[in-house]
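Protein chains in written order, with UniProt numbering: chain A, 1 to 340; chain B, 1 to 340; chain C, 1 to 340; chain D, 1 to 340; chain E, 1 to 340; chain F, 1 to 340.
No wet-lab data here; the hints were simulated from the structure.
Any given hint could be a false lead.
For chains that are exact copies, the list does not tell them apart, and a pair is met inside one copy or across any two.
[Stated by the list, open to error] Pairs of lysine-lysine residues, derived as BS3-like cross-links and limited to a Cα-Cα distance of at most 25 Å, are as follows:
(1) Lys225 - Lys98
(2) Lys241 - Lys5
(3) Lys272 - Lys211
(4) Lys302 - Lys215
(5) Lys241 - Lys211
(6) Lys255 - Lys117
(7) Lys255 - Lys98
(8) Lys241 - Lys225
There are 6 protein chains.
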Amino acid sequence: MPKFKAAIIGGGSIADKNHIPALKNLSDLVDIVAVCSRDGSKARALADQHGIPHAFADAAEMYRTCQPNVVINCTPNTLHYPFTMQALENNCHVLCEKPPALHAHQAREMADLAAQKGLILAYNLQLRQTSEWELLMRCKTNGQLGDIYHIKANFLRRRGIPGWGYFTNREMQGGGALMDLGVHVLDLALCALDYAVPANILANTYDFIGKTGGKGLMGSWDPQKFEVEDACMAYLSFPNKASIMLSASFALNTKADIDRNLEVFGTQGGAKLFPFSLYTEMAGELADVHFSYLEDVDIQLKNTAAFLDACLGKPSNVCTAVQGAILQEVVERIYASAER
Amino acid sequence: MPKFKAAIIGGGSIADKNHIPALKNLSDLVDIVAVCSRDGSKARALADQHGIPHAFADAAEMYRTCQPNVVINCTPNTLHYPFTMQALENNCHVLCEKPPALHAHQAREMADLAAQKGLILAYNLQLRQTSEWELLMRCKTNGQLGDIYHIKANFLRRRGIPGWGYFTNREMQGGGALMDLGVHVLDLALCALDYAVPANILANTYDFIGKTGGKGLMGSWDPQKFEVEDACMAYLSFPNKASIMLSASFALNTKADIDRNLEVFGTQGGAKLFPFSLYTEMAGELADVHFSYLEDVDIQLKNTAAFLDACLGKPSNVCTAVQGAILQEVVERIYASAER
Amino acid sequence: MPKFKAAIIGGGSIADKNHIPALKNLSDLVDIVAVCSRDGSKARALADQHGIPHAFADAAEMYRTCQPNVVINCTPNTLHYPFTMQALENNCHVLCEKPPALHAHQAREMADLAAQKGLILAYNLQLRQTSEWELLMRCKTNGQLGDIYHIKANFLRRRGIPGWGYFTNREMQGGGALMDLGVHVLDLALCALDYAVPANILANTYDFIGKTGGKGLMGSWDPQKFEVEDACMAYLSFPNKASIMLSASFALNTKADIDRNLEVFGTQGGAKLFPFSLYTEMAGELADVHFSYLEDVDIQLKNTAAFLDACLGKPSNVCTAVQGAILQEVVERIYASAER
Amino acid sequence: MPKFKAAIIGGGSIADKNHIPALKNLSDLVDIVAVCSRDGSKARALADQHGIPHAFADAAEMYRTCQPNVVINCTPNTLHYPFTMQALENNCHVLCEKPPALHAHQAREMADLAAQKGLILAYNLQLRQTSEWELLMRCKTNGQLGDIYHIKANFLRRRGIPGWGYFTNREMQGGGALMDLGVHVLDLALCALDYAVPANILANTYDFIGKTGGKGLMGSWDPQKFEVEDACMAYLSFPNKASIMLSASFALNTKADIDRNLEVFGTQGGAKLFPFSLYTEMAGELADVHFSYLEDVDIQLKNTAAFLDACLGKPSNVCTAVQGAILQEVVERIYASAER
Amino acid sequence: MPKFKAAIIGGGSIADKNHIPALKNLSDLVDIVAVCSRDGSKARALADQHGIPHAFADAAEMYRTCQPNVVINCTPNTLHYPFTMQALENNCHVLCEKPPALHAHQAREMADLAAQKGLILAYNLQLRQTSEWELLMRCKTNGQLGDIYHIKANFLRRRGIPGWGYFTNREMQGGGALMDLGVHVLDLALCALDYAVPANILANTYDFIGKTGGKGLMGSWDPQKFEVEDACMAYLSFPNKASIMLSASFALNTKADIDRNLEVFGTQGGAKLFPFSLYTEMAGELADVHFSYLEDVDIQLKNTAAFLDACLGKPSNVCTAVQGAILQEVVERIYASAER
Amino acid sequence: MPKFKAAIIGGGSIADKNHIPALKNLSDLVDIVAVCSRDGSKARALADQHGIPHAFADAAEMYRTCQPNVVINCTPNTLHYPFTMQALENNCHVLCEKPPALHAHQAREMADLAAQKGLILAYNLQLRQTSEWELLMRCKTNGQLGDIYHIKANFLRRRGIPGWGYFTNREMQGGGALMDLGVHVLDLALCALDYAVPANILANTYDFIGKTGGKGLMGSWDPQKFEVEDACMAYLSFPNKASIMLSASFALNTKADIDRNLEVFGTQGGAKLFPFSLYTEMAGELADVHFSYLEDVDIQLKNTAAFLDACLGKPSNVCTAVQGAILQEVVERIYASAER
């Protein structure tokens with residue numbers, strides 16, 4: 001069968017370091033035909049650097065000229081919606097950066113259009129590709145966890161407010177620690193509960209450190225321009241009584257530089273994701289199972305491959321358009337609870 | 001001034017191992033004049049063993065005979081209310097075991113009667129006496145934490161359903177992991193927020209492991225008679241936007257045998273209780289402060305002493321009747337949310 | 001049913017510290033009626049110390065006077081055979097110290113007489129009562145190990161030649177490290193292979209350090225009187241191709257003070273005994289299973305109880321007379337190979 | 001003196017990564033004049049890549065054309081014998097990959113021909129070049145170990161069946177874990193005993209995991225085509241009563257990914273190879289000696305240099321033709337015992 | 001030979017806990033005949049408690065009545081001189097607590113009188129009895145250290161100003177950290193240099209923390225009454241160019257609660273005392289030797305026994321009168337340098 | 001403002017690896033115009049390799065031709081004085097390698113000439129640029145240490161006599177471990193005391209290992225040509241009673257390969273430099289403060305930048321000419337004391 005023709009929308013570092021290398025590694029399946037960025041010179045430079053034939057400042061022109069059937073949307077959050085809609089309308093499968101959009105209704109429209117067009121829309125939530133997550137899913141399937149009823153999901157940075165880009169700009173990003181970090185572990189937690197929709201949500205957001213300033217471990221930020229939450233705490237309760245405690249922060253007075261983890265508690269066993277451990281009973285005794293030889297994988301490469309598998313109609317564990325719409329809705333409800 | 005005359009109500013192990021030794025250590029302040037237990041022979045045996053003059057099966061008779069002015073109420077949860085009320089009516093200061101009562105309205109009545117009588121009613125929440133908690137309170141007072149806005153409070157046992165007593169009996173205990181374990185760390189968390197009353201609570205309770213059975217690290221329990229929650233997860237949000245994540249379990253598929261801890265996050269610093277660590281900025285750098293030489297204390301002795309200080313009108317950090325009423329109300333609202 | 005009447009033969013420290021306390025702990029099942037030692041005053045002292053009614057220097061007199069139905073034989077190795085035979089002839093069940101005897105033919109005779117009399121003869125190989133060994137047996141039964149095909153059994157001391165008793169005296173002990181230490185782990189290894197009889201054995205014994213002298217970690221020994229092996233290395237191959245590597249030493253230039261362990265390798269999993277770990281595959285990955293909460297048990301108490309269970313016709317994991325005969329035969333063949 | 005002229009026989013990865021780089025590092029002593037591989041194009045590519053003047057598919061032609069005086073035989077096991085014999089007949093010194101050959105009689109013929117021709121034949125057993133082994137030999141020479149009487153030699157992989165090449169093919173390799181891994185530590189153990197010939201050998205081989213399949217840490221293998229042993233256990237007893245316990249595995253349910261080590265027990269001291277530790281007595285106390293500053297060396301480079309030293313008549317610690325013949329004989333006797 | 005008759009002078013805790021138990025353990029060599037304390041009731045109580053026949057408030061009377069031939073002087077520092085002189089004049093061997101005296105001339109007089117009388121005068125510097133120190137001396141004798149040319153001697157406490165006794169009283173103690181702690185490690189360091197007399201000394205003393213106050217790990221002290229040094233730093237240079245760096249503190253802002261150690265540097269090897277390690281070269285490599293099995297000893301018992309050995313004319317490693325005089329002289333010169 | 005024009009004097013590895021890369025990294029401030037080495041071909045090669053326009057064998061010619069205004073003096077110790085004087089006379093600011101000179105009077109002359117000419121003369125003591133040192137200085141400024149009264153300064157190598165260059169040549173280097181290593185930590189210690197001049201110094205130097213030979217961890221050295229001290233121990237006492245214990249070695253029988261550290265003891269707190277820890281009291285308890293996130297910096301780059309800052313009249317923490325003169329004087333007094 002013919003190879004996919006992929007266009008990259010967005011000329012930033014995530015295109016350069018993540019998506020383009022992944023696609024080039026999958027060159028038996030896909031060719032990159034164009035890069036498109038509002039700043040045409042950035043598009044040009046990126047195309048030259050990676051040997052991509054075309055560069056555009058205008059997406060419409062790109063569609064006319066190159067007729068891609070796959071689009072990688074790696075624009076800022078605020079542009080996820082318009083550029084994904086345009087791509088779908090141009091009959092392209094889309095792999096869109098996270099979060100899905102700024103608003104829940106946008107993510108739903110995106111999912112609806114993809115369904116209507118019979119196209120794949122997927123989100124780049126790559127933690128699903130870690131060996132640890134895949135092992136957790138296998139343990140779940142094998143029954144080693146039983147029914148999962150509680151999850152603690154953390155993505156905490158002590159002083160990790162990014163000192164570059166739009167990360168502290170509410171208009172461009174739509175939010176802070178939850179939008180940027182929390183969605184990763186929230187997506188995993190929802191997966192563990194089969195993407196059920198929460199019945200109730202109670203949450204709070206904070207911005208004390210962001211607005212005060214301090215030592216930065218990811219560059220310096222300007223407290224004057226800090227418009228988003230530096231921490232978000234949320235509790236989600238589900239119709240079947242399962243629950244999630246979610247903690248996300250750009251800045252928090254906590255021990256570790258970074259604490260990104262998931263703890264899952266089920267009727268037969270519990271598990272911690274990093275390093276992967278299983279807590280259960282075996283031969284009548286309490287058993288702690290460690291897996292020392294999990295493979296180190298390139299999670300971007302695997303997620304891009306999983307997206308292409310989906311486009312080819314194969315089984316795939318990529319985050320779907322429908323899941324993305326639920327995820328965005330949950331994010332919106334968390335912010336709503338925090339502002340009540 | 002004359003010594004206090006103390007009566008012990010309840011003839012179980014907590015009287016024998018905790019309260020009587022503590023009072024005997026404070027013999028310059030207090031004499032134990034009587035032990036009272038519905039099972040008169042238990043009262044007799046305890047009195048003989050500890051050289052206490054009187055033993056009673058009937059409390060009313062005890063009050064008539066001995067006229068104590070201090071009562072230690074170490075009966076099962078369901079009897080905290082009636083025996084405390086009776087003691088107050090007999091003009092005794094009361095140190096009552098936790099939880100305050102089975103229902104919020106009981107704890108409020110108890111507080112009201114104590115106030116009306118001008119008596120001290122206090123609860124035996126001894127974690128307040130740990131060196132770590134006192135240090136946390138000093139750090140809070142000194143401003144080393146700034147304003148506290150989030151707390152994670154855990155009291156988790158992996159397989160610690162007590163295989164004796166009434167711990168799994170709903171009628172006698174009123175609940176399970178929350179009533180027995182959770183109240184300890186919930187009390188500390190509420191203290192850290194100056195015992196504010198939560199605006200919103202969302203919670204869930206579980207009983208999967210308790211009702212299924214398995215390895216017991218605190219004796220064996222009978223799954224058929226397991227009537228309470230083996231785990232309780234709750235989120236509390238306060239009028240000033242502060243929040244508490246509370247996790248308590250008798251049984252959970254988690255790593256450690258026991259995980260009893262508090263993490264406190266403030267605008268100037270964060271702290272973990274056991275071992276006590278402070279996470280903050282110092283001289284422009286991120287600083288982790290450890291305190292290796294904290295004194296190991298007898299927390300029961302210190303709590304009993306703190307109660308007597310209160311009776312003497314001195315400053316005291318013991319849990320007050322009013323705080324106990326709030327604590328009981330929060331417990332009741334957590335259960336209510338879990339049953340919604 | 002009536003209690004057993006037990007007589008102790010041998011007045012040494014193992015009677016005093018191990019067997020008598022265990023029997024006293026089982027006083028609902030058994031009464032100790034007599035102590036017998038060639039040194040009558042030792043017998044007398046031991047009886048007085050433990051409140052045992054009778055003491056004898058002559059065993060025949062003891063049988064006449066007290067008519068016990070249970071005998072604990074805790075004499076030196078060389079007396080295991082005659083006193084056990086006498087006890088069986090006096091219609092007593094016998095728990096005999098290890099090793100079973102000095103020679104294989106003795107152990108076989110002892111087993112034959114017990115069978116003929118319908119009496120229980122068991123050996124005091126208490127490592128079978130450790131929580132770790134019981135867990136290993138459960139794992140074997142559950143299939144978590146598959147078929148076991150190789151075992152490494154070690155009981156190594158770096159400088160642990162006992163500086164007291166008969167441990168270095170060939171006539172009294174029959175041998176050194178193998179007779180005293182090796183039999184413990186050899187018994188476990190043979191159990192793991194269902195007490196199959198080896199097809200071939202190749203072995204060596206050494207006495208370099210014992211005959212030279214040096215630092216003693218268990219008292220000082222006299223190199224001039226060192227008549228036994230200080231180390232024994234053996235390889236056992238079984239009809240089904242399974243194999244055991246056995247290493248035992250009183251003295252060896254090795255790292256640890258004491259290294260007493262068993263590693264078991266099976267088709268589905270492998271296990272190490274101390275601390276108990278299971279090495280296997282789970283959910284498609286290599287898994288290391290740790291059991292942090294194994295109970296600490298009094299292995300002498302459990303072994304004595306297991307012996308009494310056997311006497312009562314109940315299931316029991318105590319080392320049987322038939323197993324003891326095989327064990328002694330293997331020991332004899334190891335020595336024979338070493339002297340070839 | 002003139003430089004050696006070396007020819008490489010065998011065009012695989014071990015030529016490319018090990019032998020050719022080592023020879024190039026020793027360019028003041030030797031020039032590589034030719035590469036020879038049955039697959040002429042592989043020879044050509046390798047020659048081009050490394051700037052070697054000639055490439056041949058036919059060895060005879062190579063000898064005629066290039067007249068080398070040194071040959072590196074890095075062919076598959078089955079070809080060690082014919083190509084080494086041919087090289088010796090062409091008056092070349094030979095460094096041959098391990099194991100020496102498939103059969104003991106081949107290795108003896110090779111040694112005989114080398115002796116008759118006055119040529120050096122050596123085997124590439126590079127562990128002899130580790131700093132640890134050289135230190136062990138110095139300790140042995142200095143008397144710090146006394147007489148060595150027992151050795152435990154392990155080369156165990158948990159799941160390390162190579163998923164490439166001929167490693168599971170009996171015809172090409174002659175065996176599995178023993179042939180590929182075991183010979184390395186067996187060679188060291190025999191060296192430690194001055195390459196004495198064992199008086200007795202008892203051994204077993206297994207192939208349960210290899211024939212069943214499972215997780216592979218060195219690529220995937222096909223259980224259907226697994227024809228060799230995945231584990232080999234052996235005991236060697238020597239005329240002077242010394243003994244070796246040898247354990248080698250491609251796959252075994254054991255803790256570590258790889259456990260390659262030697263423990264040596266002598267009358268004055270014992271030693272463990274990795275990390276090097278000496279266990280002995282000093283100043284009347286038990287002493288553990290650690291050597292933290294051993295040099296990290298390129299063992300292939302050192303072994304090739306040692307071979308060239310031998311060719312130049314200098315002292316050398318390379319494995320000699322005579323040692324190789326003994327080693328092969330021991331391997332053959334191990335397999336014979338396992339098949340008895 | 002007849003047993004020694006010992007009298008105890010001084011009724012404090014060091015008599016009660018150290019010296020009397022040691023003497024009682026040596027009851028085959030010595031009987032305690034009397035206790036003498038200026039506070040007669042203390043003497044009486046101590047005598048009764050330990051079953052000692054006589055108690056006195058007046059030493060002269062004690063000598064008349066009991067005629068001891070051994071005296072243990074465990075009075076405060078200021079009384080070491082007068083009571084030791086009196087004991088010698090009464091023809092008693094004397095074991096005197098450290099430091100020898102308050103002034104160098106006193107210690108010299110004491111040594112002179114002992115010499116003149118032919119009596120043993122020894123000081124209770126018990127660190128000489130640790131297994132580690134004895135091993136160091138053996139290593140020195142065996143030549144494993146070569147010539148020792150530098151020593152770092154530390155006895156540092158972070159906040160260890162004793163909150164009881166006379167420790168902060170200059171008149172009674174003569175000094176602080178040096179007098180109480182420093183002398184122990186100074187004695188060892190001087191021993192290591194064969195008790196040579198320093199050619200030059202440069203030193204400083206401090207009292208900042210002692211006079212300011214703070215957290216006390218050995219009870220609370222009164223900064224107002226702190227009259228001695230809380231830290232003393234000194235450098236000693238010897239005629240043969242060897243040197244000692246001495247650091248002693250009651251209070252210092254340093255890491256460990258207590259750091260009591262000696263590092264010795266010689267031409268052939270260096271050693272650290274606790275835990276004992278030897279740093280040297282062996283077999284041409286840098287070697288770190290650890291001794292994991294050193295015996296835990298009762299250093300007071302061993303020092304008392306060593307004193308009695310000296311009294312019996314046997315070899316003994318106890319600190320002699322002459323060494324004590326040098327030690328006191330060095331202490332005096334250190335204080336003199338600090339006050340220059 | 002115009003860029004500086006820098007000339008490099010000295011063509012060794014420290015020019016190549018440290019100074020030239022640092023200057024190139026600061027190319028917005030400075031151009032390298034020339035390299036000058038007595039060995040003209042070395043100068044030429046270095047210039048070519050780094051793209052520097054000019055190379056000279058004669059410094060006078062260099063000054064005439066290139067007219068630099070900045071000179072980096074990286075010649076051997078013996079040439080620090082003449083080349084720095086020449087550079088100052090040619091009106092250049094100078095960054096001179098450490099130690100300042102061979103003799104104290106030289107360093108004073110250098111400082112005097114720099115002052116007279118109004119030029120910057122600074123020394124390349126780069127440890128001042130570590131994050132740890134800068135943090136220590138901030139703690140000192142903030143009062144977290146109080147008054148510093150004692151410092152232990154160590155720069156110890158176990159076997160680190162450099163096997164190259166002039167390091168063991170007295171004439172070229174002026175000394176050994178003190179001149180090469182000790183000056184680094186001595187400079188820091190003096191800084192911590194505000195570069196006070198010591199009132200008294202007592203010191204010793206040793207050369208036992210250097211003159212005997214042994215294992216070398218930094219190459220092999222020739223004991224026959226070892227003319228300097230391999231170890232230097234010194235004690236410095238200051239007018240305000242503060243003290244420094246300084247230990248420096250090329251070779252010493254000590255534990256660690258390298259031990260380079262500073263411990264600082266003050267009235268309010270103490271600190272250890274690597275890893276940076278602060279020991280103090282906080283909230284009434286003893287507190288150990290760790291700083292886990294200190295930045296890893298290029299200390300040469302920072303020191304060169306600090307030197308240029310000084311040349312530009314900006315604040316700078318570089319070691320000044322006046323400090324260098326004091327440092328050299330202290331070094332000279334240490335050697336004088338050692339030779340007394």
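Tested hints:
Taking the shortest Cα distances, Lys225 and Lys98 sit within 25 Å of each other inside one copy (23 Å), while across copies they are farther apart (46 Å). With identical chains, the CA atoms of Lys241 and Lys5 are never at most 25 Å apart, being 45 Å at best within one copy and 50 Å at best between copies. Taking the shortest Cα distances, Lys272 and Lys211 sit within 25 Å of each other only across copies (24 Å), while inside one copy they are farther apart (33 Å). For the homomeric pair Lys302 and Lys215, the shortest alpha-carbon distance between copies (20 Å) is at most 25 Å, but the shortest distance inside one copy (35 Å) is not.
For the identical chains of this complex, Lys241 and Lys211 are inter-copy neighbours only, at 16 Å across copies versus 37 Å inside a copy, given an alpha-carbon limit of 25 Å. In this assembly of identical chains, the alpha carbons of Lys255 and Lys117 never lie at most 25 Å apart, being 48 Å within a copy and 47 Å across copies at closest. Taking the shortest Cα distances, Lys255 and Lys98 never come within 25 Å of each other, neither inside one copy (27 Å) nor across copies (32 Å). When the C-alpha separation of Lys241 and Lys225 is checked against a cutoff of 25 Å, the pair qualifies only between copies, where the shortest distance is 22 Å, while the shortest distance within a copy is 40 Å.
Checked against the numbered hints given earlier, the structure breaks hints 2, 6 and 7 and satisfies all the rest.
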